[in-house]
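Enquirer: All chains, full assembly: derive it from the sequences and hints.
Protein chains: 2
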Amino acid sequence: MPKIKGFKMDKKVYEYTEIIERDIAENNLTNEEREELAAKIKPMLCDDSIVLAQVNPTSGDIKKNALKAKKWIEWANMLEVKAIVFPETFLLGAPIGDYIIKFPQIVEEAREWLDVLAKIAAKTKVIIGFVEFNNSDKSGKYYNSVAVLSDGKIEKIIRKSVLSDYAELNESRYFVRAVQDDETRVVELGNKKAGLLIGEGECVSSDFGGEGVNFVGKHKKNIQPDFILACVASVSRTGKESQKHSMLSYISKKYSTPIIFVNQAGASDCLSYNGESCVYNALGELIYRAKSFEEQFFIVNPFDNEGMIYPAATGSDKRMNSENKFTLDYEPDLERTYKTIIQSVRDYYNKNGFKRACLGLSGGLDSTVCAVIMADAIGKENVFGISMPSKITSAESKSDAKKLAENLGINFIEVPIKSMFDAARDNFNNMFSQIEAKWDCRYKQSYTNDNIQARTRAMILWGISNEFENCLCIATSDKSEAYMGYATINGDMSGGFAPIADVTKTKLFALARWMNEHREIKNAIPNSIISKRPGAELAINPKTGKPLLAEEALMPYEFMDEVIWRVENTHQSIDDMAKSEFLYERLEHITKEQKLEWLEKFFRRMTSAGYKWSIMPPAPIVDTVSINKTEYHQSILSSGISYRKTSMQEKMKLAAIK
Amino acid sequence: MPKIKGFKMDKKVYEYTEIIERDIAENNLTNEEREELAAKIKPMLCDDSIVLAQVNPTSGDIKKNALKAKKWIEWANMLEVKAIVFPETFLLGAPIGDYIIKFPQIVEEAREWLDVLAKIAAKTKVIIGFVEFNNSDKSGKYYNSVAVLSDGKIEKIIRKSVLSDYAELNESRYFVRAVQDDETRVVELGNKKAGLLIGEGECVSSDFGGEGVNFVGKHKKNIQPDFILACVASVSRTGKESQKHSMLSYISKKYSTPIIFVNQAGASDCLSYNGESCVYNALGELIYRAKSFEEQFFIVNPFDNEGMIYPAATGSDKRMNSENKFTLDYEPDLERTYKTIIQSVRDYYNKNGFKRACLGLSGGLDSTVCAVIMADAIGKENVFGISMPSKITSAESKSDAKKLAENLGINFIEVPIKSMFDAARDNFNNMFSQIEAKWDCRYKQSYTNDNIQARTRAMILWGISNEFENCLCIATSDKSEAYMGYATINGDMSGGFAPIADVTKTKLFALARWMNEHREIKNAIPNSIISKRPGAELAINPKTGKPLLAEEALMPYEFMDEVIWRVENTHQSIDDMAKSEFLYERLEHITKEQKLEWLEKFFRRMTSAGYKWSIMPPAPIVDTVSINKTEYHQSILSSGISYRKTSMQEKMKLAAIK
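Read top to bottom, the protein sequences are chains L and F. With the numbering used here applied, the first sequence corresponds to residues 13 to 670, in that order. With the numbering used here applied, the second sequence corresponds to residues 13 to 670, in that order.
Keep in mind the hints are simulated off the structure, nothing from the lab. Check each hint, because a few of them may be wrong.
To be verified - Straight line, CA to CA, 20 Å or less: simulated DMTMM-like cross-link-like pairs of lysine to aspartate or glutamate: (1) L:83 x F:662; (2) L:450 x F:418; (3) F:430 x L:434; (4) F:665 x L:120; (5) F:150 x L:223; (6) L:657 x F:144; (7) F:367 x L:452; (8) F:205 x F:163.
Expert: Right, here's the structure in full:
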């Protein structure tokens with residue numbers, strides 16, 4: 013991604029808009045102060061200035077969203093800009109859910125608010141996303157629409173005509189594809205014409221396999237837009253910003269038309285919208301970009317890009333070293349990963365009315381990274397770290413957990429689980445011998461005792477959540493473990509939110525190092541936590557006499573995480589994988605048999621982990637592709653799924669055809 | 013639904029096909045015996061006889077499905093019928109999941125099996141559903157296609173052109189809408205022409221708001237079909253069979269064209285396909301119907317409907333007394349409900365390799381109904397009922413649980429939870445006082461102790477699942493409780509499968525009575541269980557000094573279940589509901605204030621229950637509409653969702669517009 017060339021809004025304007033943002037949030041200015049501020053800003057704006065309302069809506073809370081819009085609109089009016097532009101479906105708040113199917117009155121409520129907002133609209137046009145009733149067929153589906161409000165009225169409505177149904181998007185479930193004249197898309201803003209697009213899908217040019225932006229450049233003068241205006245609700249993922257950059261830069265250059273891209277900020281359950289609304293000039297150069305993962309009252313001008321950008325958004329503009337190959341160099345994606353999760357956790361807690369969190373601190377990597385995240389997202393005083401040692405827990409783990417809590421300044425307590433564990437084990441031993449009398453199928457070796465430990469810990473955490481106001485415990489499972497089903501139901505995978513469930517183990521190590529380097533308080537994470545090899549400390553490895561390490565039970569994380577990457581990002585089968593070289597093979601020599609054994613173990617474990625994925629708590633989507641259930645639709649019943657291909661010869665033999 | 017008029021295949025043919033089905037399953041006949049049997053059946057068939065392969069596929073297990081198809085095809089070949097017809101997507105097995113996106117080689121594998129099956133196809137044509145690669149665009153999506161195999165070759169391929177995206181269906185995610193000549197749909201079968209439809213959506217006539225069956229009746233003679241053949245994968249739900257009947261009867265009558273509807277049997281996670289493949293004559297009369305929830309080698313002839321039907325499918329052909337009004341008369345839907353759940357549980361256990369189940373027996377209704385279901389679905393010897401009394405558990409509950417287990421013949425054991433509960437409580441008391449020193453927000457009254465009981469019980473059940481081979485515990489939550497969030501996370505809502513999570517409490521009472529009457533062993537459920545008022549026995553009601561009853565904590569079940577019904581089946585808002593009469597109001601006098609209080613409590617509790625829905629174990633879909641997460645897409649973050657409309661006046665006031 014190239015450097016941003018710079019834009020008209022200099023440091024001064026930026027500081028002024030921060031005052032506006034504070035006023036919108038806190039209502040802290042008098043009308044006189046507002047007018048004074050507006051008078052200072054106006055001379056610094058150009059003729060074609062537009063406000064991009066990079067707002068954080070609350071899904072389904074129409075009143076809240078509408079009253080928020082009102083405040084932003086009033087400020088835009090005061091600045092007399094040409095328009096203020098909100099994201100797609102803003103009045104309902106992305107993501108749209110089945111509530112609009114069950115409760116059409118919510119859609120009606122939003123429609124009425126649109127009429128109210130229209131009354132506030134003056135010379136500054138208001139361009140705002142909503143959901144529109146559709147009377148053209150009996151499908152019961154809606155239009156995903158954007159309204160243009162001006163001079164007290166709804167001037168026009170533009171409807172989305174390219175629907176998306178990949179990953180977290182299921183638009184065909186809710187919306188019909190609109191058929192409309194290209195002319196409809198044109199919005200007059202002063203002496204300029206904007207061509208309106210709705211959603212990611214409409215921005216994807218046919219040169220990239222999509223069917224969007226078809227209306228540009230093929231028309232007679234009167235509907236040829238001077239710039240393209242895209243109202244979008246786009247979720248952050250690894251590599252997505254650079255993909256978006258390629259797309260937007262390509263379009264603006266191809267059609268020699270600037271493009272403005274308005275995205276929302278904020279998170280909703282698993283989806284973290286990154287903001288970073290941006291503008292490209294007619295040469296395909298990025299000339300403005302708003303902050304990442306924050307609301308911003310962002311003044312832009314697609315025809316003027318002199319001056320310095322301030323402050324530059326950070327976190328998403330670096331491209332991963334290789335987009336098409338697995339790498340252990342996660343650095344370019346770490347700031348974005350951190351921000352994605354922080355925003356998700358913060359909004360999940362805030363929007364759902366939670367204030368406090370508790371989590372188990374094992375002294376291991378997962379709970380450590382989670383503790384840092386919780387402290388940064390909801391405030392260290394609101395976090396309680398609970399160390400719950402068993403007899404397998406090492407002295408080092410205990411002291412690491414304590415040290416971490418001290419460094420972070422979070423609350424800390426040690427709660428031994430021995431008495432609860434013993435009571436369960438004694439009860440179980442008695443019970444199992446009675447059951448054995450009827451069921452002659454008791455395992456010689458079982459995970460029962462390992463799991464009692466994990467479940468006792470979860471019971472303690474849920475107990476705290478039940479006992480203290482607005483407290484919610486979290487699950488500390490990571491993505492590598494989720495793939496392997498290496499987590500205990502009602503144990504470590506249980507909690508109100510799972511902050512790192514879409515981050516693989518090797519990336520977590522990198523993230524821990526990054527946090528140590530980039531947080532205000534450096535090196536909060538004791539080095540011993542980052543340098544030790546992970547293990548659940550639930551069982552002893554009979555071979556070593558020490559706590560069983562995860563890699564002994566599974567396979568090296570570097571290998572595992574590359575299989576995960578390949579499953580998600582390539583279309584390779586297990587056989588394709590066996591044939592091509594893994595990064596790990598360049599680091600360590602492994603035999604062909606060893607590699608195949610790991611691959612088979614991976615697919616076998618992944619298959620039976622499906623059940624655990626289905627009951628995983630909500631977790632932020634972080635990666636390009638993920639198994640988050642908001643995104644990944646898969647039945648559990650897939651134990652026989654044909655991951656391996658058979659040859660035609662084998663098939664003929666199986667079918668007994670000569 | 014009218015009575016079936018009867019059909020050619022009499023008791024004898026039915027008995028013969030049962031021998032065929034056994035041979036397919038067990039391979040128990042010699043080739044000579046097969047030829048002998050075929051020779052007996054052939055003279056009883058008509059010229060245009062067709063075999064409907066009502067088969068139970070396994071989603072994703074291509075080899076298993078293909079080899080199953082092979083056996084059915086070979087038998088059809090021996091009978092020299094005109095065709096054997098399999099359901100939609102059969103080779104992959106409905107439901108399709110995201111595995112076809114991640115692993116295209118699975119689609120390739122199925123495509124190759126199609127070539128193998130083609131080699132088996134002789135004069136009897138094979139009509140079979142699969143998933144087809146699409147090279148017509150860059151979408152990466154597939155066609156949902158049906159192949160016609162004959163004489164060793166693929167004769168033609170028909171593609172689905174009406175995709176559905178409601179409830180459990182997300183077809184636009186996987187498939188592109190095919191554009192093809194109507195002529196393509198015509199399949200020559202002897203001197204008759206079949207017009208092929210794929211899926212429910214293509215059967216919905218425009219008179220019912222759909223866009224299917226458009227090709228019939230508008231064409232010149234050469235593509236006018238003699239009968240319609242629909243390959244479908246259709247899930248069972250309350251009222252769906254009678255809807256389907258209306259549709260199919262309407263179509264066949266309108267176009268004076270018989271219609272054959274081929275559905276699959278079997279379940280996959282939450283979806284239970286009911287089979288009941290059927291045939292309507294040109295007068296719109298139902299003339300054949302296959303068994304419900306079972307595989308069947310079903311020989312039909314759309315042009316001949318003399319004779320007696322044997323045996324008639326039961327369970328789905330009764331219409332609920334009122335389709336558009338809430339009723340407590342569940343009788344017409346109980347047999348279907350029972351069969352839907354039994355098939356779901358059986359297939360979930362069988363297809364996932366589980367053999368045994370354990371569940372808590374509280375002596376209450378939910379666990380009782382679950383125990384009956386488990387005994388009937390996987391065999392009484394494979395079920396262990398665990399009574400886990402606490403000090404609140406009444407003597408009656410204990411004896412009811414024991415009596416039930418005896419009557420059912422399942423294994424039974426009593427495991428007191430006192431020692432585990434005490435250990436947890438003591439540990440918690442100590443811990444809470446330490447935490448309180450930092451967090452001054454401890455509840456005066458909390459649910460912590462109630463929940464310790466529920467979580468201890470779940471810990472015991474998961475312990476048994478961990479300790480004994482192929483054992484999986486179940487969750488006994490019902491739908492009314494799910495709506496109210498009246499279930500404990502990691503407690504009673506935890507388990508490997510949740511058999512009754514889509515059945516409301518009032519319907520469960522009816523189901524319990526129905527089971528007592530219709531199971532081979534009558535009255536297995538002690539009457540005292542059915543007649544007592546439900547309560548979780550986790551806490552004491554301070555007002556009565558007795559265990560708190562659920563209705564005391566919530567609202568009367570008759571009222572609650574009608575709100576659920578209205579939320580799912582009408583588009584009413586909370587205000588609409590307040591205005592219209594509830595069935596309960598005819599039974600008991602309640603004040604307007606009381607009613608509004610209950611309604612508000614319902615919506616408030618439903619909103620915060622969203623989190624629990626998201627981590628509910630897989631559960632069979634039973635009702636017309638459900639909150640099963642396979643079907644219902646909703647973010648949790650909806651605590652502010654605008655269930656109540658505000659007036660325009662209120663809005664103007666909120667927006668401070670005069």
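Enquirer: A separate judgement is required for each hint: does it hold in the structure or not?
Expert: A quick look at each hint next to the structure:
1. L:83 x F:662: 17 Å, holds
2. L:450 x F:418: Holds: residue 450 (chain L) and residue 418 (chain F) sit about 14 Å apart, inside 20 Å.
3. F:430 x L:434: Roughly 13 Å separates the two Cα atoms, so the pair holds.
4. F:665 x L:120: 18 Å, holds
5. F:150 x L:223: 10 Å, holds
6. L:657 x F:144: Distance ~17 Å between residue 657 (chain L) and residue 144 (chain F) Cα, so the pair holds.
7. F:367 x L:452: 13 Å, holds
8. F:205 x F:163: 18 Å, holds
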